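Please build the complex by placing chains B, C and D on the supplied structure of chain A, with the hints as guidance.
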Amino acid sequence: MTEAALQLIDVHKSFGHAKIIQGLNLEVAKGERHAIIGPNGAGKSTCFNLISGRFRPTSGRILLNGKEVGGKPAFEVNRLGLSRSFQVSNIFANMTVRENVRCSLLYSQGHGYAFWRNVGSSRELQEKTAWVLERVGLIDKAHTPAALLSYADQRTLEIAMTIAGDADVILLDEPTAGMSHSETEYAVELIRKATEGKTLVIVEHDMGVVFGLADRISVLVYGEIIATGKPEEIRGDPKVRSAYLGDDAEALTLGGAA
Amino acid sequence: MTLFAKAAMAAFVGLAAHGVAQADVKVAFIDPLSGPFGPSGTGAYTSYVLAFEHLNANGGMNGEKVELTGYDNKVSPKESLVQLQKAIDSGARFIIQGNGSSVAAAIIDAVNKHNERNPGDEVVFLNYAAVTPAFTNEACSFWHFRFDAHADMKMNAITDWLIKRDDIKKVYLIGQDYVFGKAVAEAAVKQLGEKKESVEIVGNELHPLGKVKDFTPYIQKIQASGADAVITGNWGQDMVLLVKAAGDSGLKIPFLTFYGGSLGAVSTLGDAAIGTLYQVSEGITNLEASDAQYALIEEYKERFPEYDYYYHRAFEAVDMLKAASEKAGSNDPVAIAKALEGLTVEGAYGPVTMRASDHQAQQNLYVSTVAKDVKYTVDNTDKGWKLVENGKIDAAAAEEPTTCEMVRP
Amino acid sequence: MTTNMTTLAPSASEKFTQRALPFILFALLLIVIPFIGVSRGTLTLFNHIGINIVFALSYNMLLGRAGLLSFGHAVYLGLGGYFCVHILNWIADADGSGFWGNVPVFSLPIFGFAMGALAGAIIGWPSCRRAGTAFAMISLGVAELMSTAAFMFDSLFGGEMGISGDRMSGPKFFGLSMGPIEQVYYFIAFWTLVGTVAMYAFTRTPLGRLSEATRDNAERVQFIGYDPTRVRYLVFIFAGAFAGMAGGMSAVQDEIFTPDSLSLIPSGAILIATYIGGIRFFAGPIFGAILMTYMGSNLSDYTAGWLLYLGLMFISVVLFVPDGIAGLVFGFWRGIRSPGRYALIGKWITQILGLALVATSVIVVVEVAYRWSDGYGDVFAPFGFDLPHNGALTWVIGTLPLLAGILILRRVKRTESEA
Amino acid sequence: METIVFSLLNGMIYGLLLFMLSSGLTLIFSMMGILNFAHASFYMLGAYFAYTIMGVTNFWLALFLAPVLAGGVGMLVERWGLRRVHVNGHVAELLFTFGLAYLIDEVVRIIWGRNAVNYKVPEALDFTLFTLYGSNYPAYRIFILFVAVFMLVSLWYLLKRTRIGLIIQAALTHPHMVGHLGHNVPLVFMSVFGAGCALAGLAGVIGGNYFITDPAMAVQMGPIVFVVVVVGGLGSLEGAFLAAMLIGILQTSAVSINASFSDIFGFLGLTASSELGRITVAQLAPTLPFLLLVLVLIARPRGLMGEREV
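Protein chains in written order, with this note's numbering: chain A, 1 to 258; chain B, 1001 to 1409; chain C, 2001 to 2419; chain D, 3001 to 3310.
These are computed hints drawn from the structure, not numbers from a lab. Keep in mind the model is a prediction, meaning the values are calculated, not measured. Possibly wrong hints are sitting among the right ones.
[Claimed, not checked] Sample of chain B residues lacking proximity to chain D, with all beta carbon distances greater than 10 Å (derived): (1) Gly1063; (2) Gly1091; (3) Ser1290; (4) Ala1292.
[Claimed, not checked] Only part of the chain C face toward chain B is listed, based on derived beta-carbon distances under 8 Å: (5) Thr2044; (6) Gly2159; (7) Gly2162; (8) Gly2179; (9) Glu2182; (10) Ile2256; (11) Arg2280; (12) Ser2300; (13) Ala2304.
[As the list claims (entries may be wrong)] Here are the simulated lysine to aspartate or glutamate pairs, DMTMM-like style, with alpha carbons at most 20 Å apart: (14) Lys1113/B to Asp2301/C; (15) Lys1182/B to Asp2154/C; (16) Lys3120/D to Glu1064/B; (17) Lys1113/B to Asp2093/C; (18) Lys1386/B to Glu1298/B; (19) Lys1301/B to Glu2418/C; (20) Lys1113/B to Glu2418/C; (21) Lys3120/D to Asp1271/B; (22) Lys1170/B to Asp1160/B; (23) Lys2347/C to Asp2301/C; (24) Lys30/A to Glu183/A; (25) Lys1113/B to Glu2219/C; (26) Lys72/A to Asp2227/C; (27) Lys1252/B to Glu3238/D; (28) Lys1182/B to Glu3275/D; (29) Lys1211/B to Asp2154/C; (30) Lys1196/B to Glu1400/B; (31) Lys72/A to Glu2219/C; (32) Lys2015/C to Asp168/A; (33) Lys1026/B to Asp2301/C; (34) Lys2172/C to Asp2227/C; (35) Lys1195/B to Asp1394/B; (36) Lys1169/B to Glu1138/B; (37) Lys1026/B to Glu1053/B; (38) Lys2172/C to Glu1194/B; (39) Lys3120/D to Asp1379/B; (40) Lys1026/B to Glu1064/B.
Built from N, CA and C at the ideal position, the CB exists for glycine as well.
Extracted from the complex, chain A is given alone in its bound form (with noise of 0.2 Å):
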């Protein structure tokens, strides 16, 4: 069996006494884009939280590429090859697109915490800068201060700047979200080109994105991954549809005829 990319093994986290996550198994397969569905309030978000090092699990492990990261800076956890979105578009809101990509950038291009180097004077830092933009449509944005995009646009550069830094394991939290239907159809399709070859995680609740994306689904409810499987083996599975009650188990049927 080859390496997973991402291993979670008995993770627990809690808040004082409030138990989040309560023994979370989940194993991620290099190149595998897996998403994570559930209801709110299920954990999925502390989940995220708890790979990319902003919060420190209460127990378990957490491996990445086999190595240890649980407990681990965020920043740490990056440089090991992490990247993640947020929820809620979390950018550097005074710099323009640019520079927000350039400095996503930095680290992976290997300046470090320079300060004898101009960042005008590298040109694979210039050309990588363009690449992304260009990949993501910001191109003709790139002057423009991040503040003053569009809410969609914002999206897209919380995406640009998760899969800038060249990180082989991606985190997508909520892509979508708050998206019209045309702008969520191309933002799926540019998490697909931009993630190609990559392991995708993805907490979604847009089920036609989740289905549409997805090799595998993991089902989170209360801190605990009910089912994991493929798209069709989740649509069916009874305990997920009792776990989704009214709307959202329609959700799940249309997710899955789109």
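For chains B, C and D alone, kept in the frame of chain A given last:
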């Protein structure tokens, strides 16, 4: 010429009505004129304004009018240097300053350097209140003249008076924790040891400069020590709060101070000041004096009701400047500096001599205390300063030797 | 791909006009100043302006660029300056021999830089672990601690008298004896230019960019592979270093340092200068330093109320022009080149008129109040008008223009928001 | 023994004054996130208002009226100043109050002059209450104690037993919640700011004649108030109380200790002849609060009893 000073001068001297008089000798007054230390600087500035006004009315310096300009240094040594440069630039050749030994040290240093670097363009520094002894000892300069008695001399006056009081056997020293406060304490220890061994120093305390809000703990230490008198070099708020806390705690022993006469102390203390607050100075308004002196005091109070006639030495300094210019027959700063050396003028409260060896003025000192029923009151209260018994210390008795090795041009 | 690059990065000519040209003009201006026949006093003022430009720019590395509000930046200027004054004395004592005997006074800012960096590295270590208000409070505590402690160590800080030195000692550099103020001017001008260029260059380095990223969003910085604490710490060291460099310049110019140069007062002053200048622009602190240095040493000649004017100005900037002088200047520059310039010019003229009216009233009231409160019977008499505190005319001038001005300004604002 | 008793007593009174001053700032800081640099200026205003009112009427009216006036000024400042800069963030708010402190200082100088004013303890309270170890104890100090305790109890009652108190308490710990409770947030903010300033004004009324009423009193008190708030911890009046008492007693007792570093650290080889060895604990007294501030912020950012980090 600055606008503020111009407006002030116009109002004070009445020049506005008569058109601008020809000003040939420019004098710069560099001290705080605004901000928290503004009052002490302005008190002295007004004294100089009146003194120069009288000088100009009496023929000026060798017939030339004197123009006084105030420069606000915000008691910062650095800012003082900027103002000094501005003053020199506008033609001032005499610099007056007094508030803060750190500022004075910076000005002495800068004047020395300026005179060395710009021969033919010399300036002279007339110090009226910075009393760190070093300025007329190891750090003396030909360009610096001090019209106030320095800390050791004032201490001499205090200790001379103190040893005559047989009821004072235990003395407590308290001062601000910096060069000046330490110098005061050192001088007190040394002089008391030499003059009267039986006087015991029961405490020698330094407190942080300008940071103590409640002196009660210190007062309690003084009370516990059984002291009969306290000697302090404190000034400003540290002075006022110290005696205030003493009053509150019922500590009724003499506080021998350098700056008890500074603005606000008497009014803050109220009746508690009587018999507890003592100061040493070169003169107080309630001494026997000529009618001319009384007239001057009254004129000052009328012109500047917010202040009291306190900076007597400002008037002495201006008198000496005039005498020196006449002796030299010129208004050239170098000639006047040379003429000032060894010069004696007859002041209102006794002769004043500028000792040639260190440029330290020698004059009588007076120990006084607060009393009611006096001719001139202070702080708009019903109290004023009154000479105490044995309070007059002759210039000769207050004199201190100097270690100055004067380098003359 | 290459075509994209050329469209993204500014062209060579843009780079020249936007980056190199301002510095070349700045350098030319610095060289020309002594030739226009200024007095020694003015040169002294220029020297202090130069020192404050470097100091304010170094402060803005924290406040504007890294988003760190410090109330103790003068500590680094002070420590750098003290070190340099000590070096001045070592140079004088070495008398031409040994290491210090061969150090030209001209190079002092380098030592100040090193000392500032060292101080920044030591003090920054605990304080940069926190950002925001906690950082501000730590800096306040550190400033109070340092300035009080300085009074306790006389051999290092010289007590309230401070430590002074003589800049004319040591080997000459380019034949400069450093005695006359003109020579000191060139020394200051040189280092002001060096400091300004270096700090501008810093903004273009990866670390400089990261400091802005950390200001905008410290959390996100972690997810692009950087430790925000480390970024802050490194920037803090540099800010301290450049402040120390300004201290070295000041040591040569004033030849004295006193413990109060470490206190909250100069730290607060540079905060005000930087903010009034405009923290969002690189050039902002330069404007602020020039204006504040000039006001600080000259405004007090004209009015006893200069502190009040300073406070009013600062508050007005915080309230109405958060981008400071630089924001106004660049806004004006953009405005006159925009197509709608005529409408804009009309608006500006109205605004200036409104401001002038407000200012007239404020000045009259303040000046009359100060004279009244001084109690010398001195009367404020601008342009020959007597304005006593009990004159009707005084209060007419003190109120009517104020009201008219406010009305005009509000009207402009309203039409602006309607448009 | 007498040193300890006096240190504790005086330290407690100083601490209570500090608490009165900083409780208002704790409320403002915790709820609105504004580190009000001008807070001590309201303390000064309280003292000056009281001085003026006392000149016209009497001390007892001043005791009531001066804090109200100071609070009124505070509300105006909030309404016409702070609210406007609020959109520009906390740094702008802080800078606004920083400038305001300058302004109030200068205005006080214009109105009341540059020198200390003669604000006296009222005659009814100007007597010696008792004599302890040969030292008189002024009745006014005990009066301060009473006023402070009265204020403490009222504040406690207001916060724990009234509806508005509950809202404020909720807002202290969860500042974002107030809006969701359907309350008029600007009004709540304005009232809290005014109340905080009134508390500072009250401290000024009873502290101004205990210490000294001059234009420098704000600058001197300012930084120490921050220390109390930060050391006490955000959102915690109990913490502010503890910190105020701690600092009051610490500073007052340190003054009476004459031991020098060489006495304390002699075992490390520090000699009395060295500069470090000569420093005494008494000399260190004014630096202690700031040392405490820095240490607390580094080691325990939430302060003694804070709910949140600063």
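Now for the hints, and whether the structure bears them out:
1. The Cβ of Gly1063/B lies farther than 10 Å from every Cβ of chain D, with a closest approach of about 38 Å, so its non-interface assignment holds.
2. The Cβ of Gly1091/B lies farther than 10 Å from every Cβ of chain D, with a closest approach of about 30 Å, so its non-interface assignment holds.
3. Even its closest Cβ contact with chain D, about 31 Å, leaves Ser1290/B beyond 10 Å, as expected for a residue assigned away from the interface.
4. The beta carbon of Ala1292/B sits about 29 Å from the closest Cβ of chain D, which is more than 10 Å, so the claim that it is off the interface holds.
5. Contact between Thr2044/C and chain B, as hinted, is supported at the beta carbon level, the nearest pair being about 4 Å apart and thus within 8 Å.
6. At a threshold of 8 Å, the smallest CB-CB gap from Gly2159/C to chain B is about 4 Å, leaving the interface hint in force.
7. With 8 Å as the threshold, the beta carbon of Gly2162/C comes within range of chain B, its nearest partner Cβ sitting at about 6 Å, so the hint holds.
8. The beta carbon of Gly2179/C comes within 5 Å of a beta carbon in chain B, closer than 8 Å, and the hint placing it at the interface holds.
9. Given hint, Glu2182/C at the interface with chain B, is violated; its Cβ is 11 Å from that chain's nearest Cβ, farther than 8 Å.
10. A least Cβ separation of about 5 Å between Ile2256/C and chain B falls short of the 8 Å threshold, and the interface hint therefore holds.
11. The interface hint given for Arg2280/C is violated, since its Cβ lies 30 Å from the closest Cβ of chain B, which is over the 8 Å cut-off.
12. For Ser2300/C, the interface hint holds, the least distance from its beta-carbon to any beta-carbon of chain B being 4 Å, beneath 8 Å.
13. For the restraint placing Ala2304/C at the interface with chain B, the shortest Cβ-Cβ distance is roughly 5 Å, inside the 8 Å limit, so the hint holds.
14. A hinted pair counts as satisfied when its Cα atoms are at most 20 Å apart, and Lys1113/B with Asp2301/C does not qualify at roughly 25 Å.
15. For a cut-off of 20 Å, the pair hint linking Lys1182/B to Asp2154/C stands: about 12 Å separates their Cα positions.
16. Distance restraint check for Lys3120/D and Glu1064/B: the Cα-Cα separation of roughly 50 Å exceeds the 20 Å cut-off, and the hinted pair is therefore not satisfied.
17. Restraint check for Lys1113/B and Asp2093/C: the C-alpha separation of about 18 Å stays at or below 20 Å, so the hint holds.
18. Taking the CA atoms of Lys1386/B and Glu1298/B, the gap is near 17 Å; set against the 20 Å cutoff, the hint holds.
19. For the suggested pair Lys1301/B and Glu2418/C, the alpha carbons sit about 61 Å apart, so the restraint of at most 20 Å is broken.
20. As the CA atoms of Lys1113/B and Glu2418/C are separated by approximately 63 Å, the hinted pair breaks the 20 Å bound.
21. Only pairs whose Cα atoms come within 20 Å are accepted, and Lys3120/D paired with Asp1271/B is accepted, the gap being roughly 12 Å.
22. As the CA atoms of Lys1170/B and Asp1160/B are separated by approximately 15 Å, the hinted pair is consistent with the 20 Å bound.
23. Distance restraint check for Lys2347/C and Asp2301/C: the Cα-Cα separation of roughly 34 Å exceeds the 20 Å cut-off, and the hinted pair is therefore not satisfied.
24. The straight-line distance between the Cα atoms of Lys30/A and Glu183/A is roughly 28 Å, outside the 20 Å bound, and the hint therefore fails.
25. At most 20 Å may separate the alpha-carbon atoms for a hinted pair to count; Lys1113/B and Glu2219/C exceed this at roughly 55 Å.
26. A hinted pair counts as satisfied when its Cα atoms are at most 20 Å apart, and Lys72/A with Asp2227/C qualifies at roughly 12 Å.
27. Of the supplied pair hints, the one linking Lys1252/B and Glu3238/D is violated, its CA atoms being roughly 40 Å apart against a limit of 20 Å.
28. For the given pair, Lys1182/B sits about 14 Å from Glu3275/D by alpha-carbon distance, which is consistent with the 20 Å threshold.
29. Simply put, Lys1211/B and Asp2154/C have alpha-carbon atoms about 19 Å apart, close enough for the 20 Å limit, and the pair holds.
30. Distance hint between Lys1196/B and Glu1400/B is fulfilled; the C-alpha atoms sit about 18 Å from each other, no more than 20 Å.
31. Under the criterion of a C-alpha separation no larger than 20 Å, the hint pairing Lys72/A with Glu2219/C is consistent with the structure, at around 15 Å.
32. Proposed proximity of Lys2015/C and Asp168/A is contradicted: the alpha carbons are some 36 Å apart, above 20 Å.
33. Simply put, Lys1026/B and Asp2301/C have alpha-carbon atoms about 16 Å apart, close enough for the 20 Å limit, and the pair holds.
34. A hinted pair counts as satisfied when its Cα atoms are at most 20 Å apart, and Lys2172/C with Asp2227/C does not qualify at roughly 45 Å.
35. Using a Cα cut-off of 20 Å, the hinted pair Lys1195/B and Asp1394/B holds, with the two alpha carbons roughly 17 Å apart.
36. As the CA atoms of Lys1169/B and Glu1138/B are separated by approximately 33 Å, the hinted pair breaks the 20 Å bound.
37. With a CA separation close to 13 Å, the supplied pair Lys1026/B and Glu1053/B stays within the 20 Å bound.
38. A C-alpha spacing of about 51 Å is found between Lys2172/C and Glu1194/B, which places the hinted pair above 20 Å, so the restraint is violated.
39. Under the criterion of a C-alpha separation no larger than 20 Å, the hint pairing Lys3120/D with Asp1379/B is consistent with the structure, at around 15 Å.
40. Note on Lys1026/B and Glu1064/B: the hinted pairing holds, with a Cα-Cα distance of about 10 Å set against a maximum of 20 Å.
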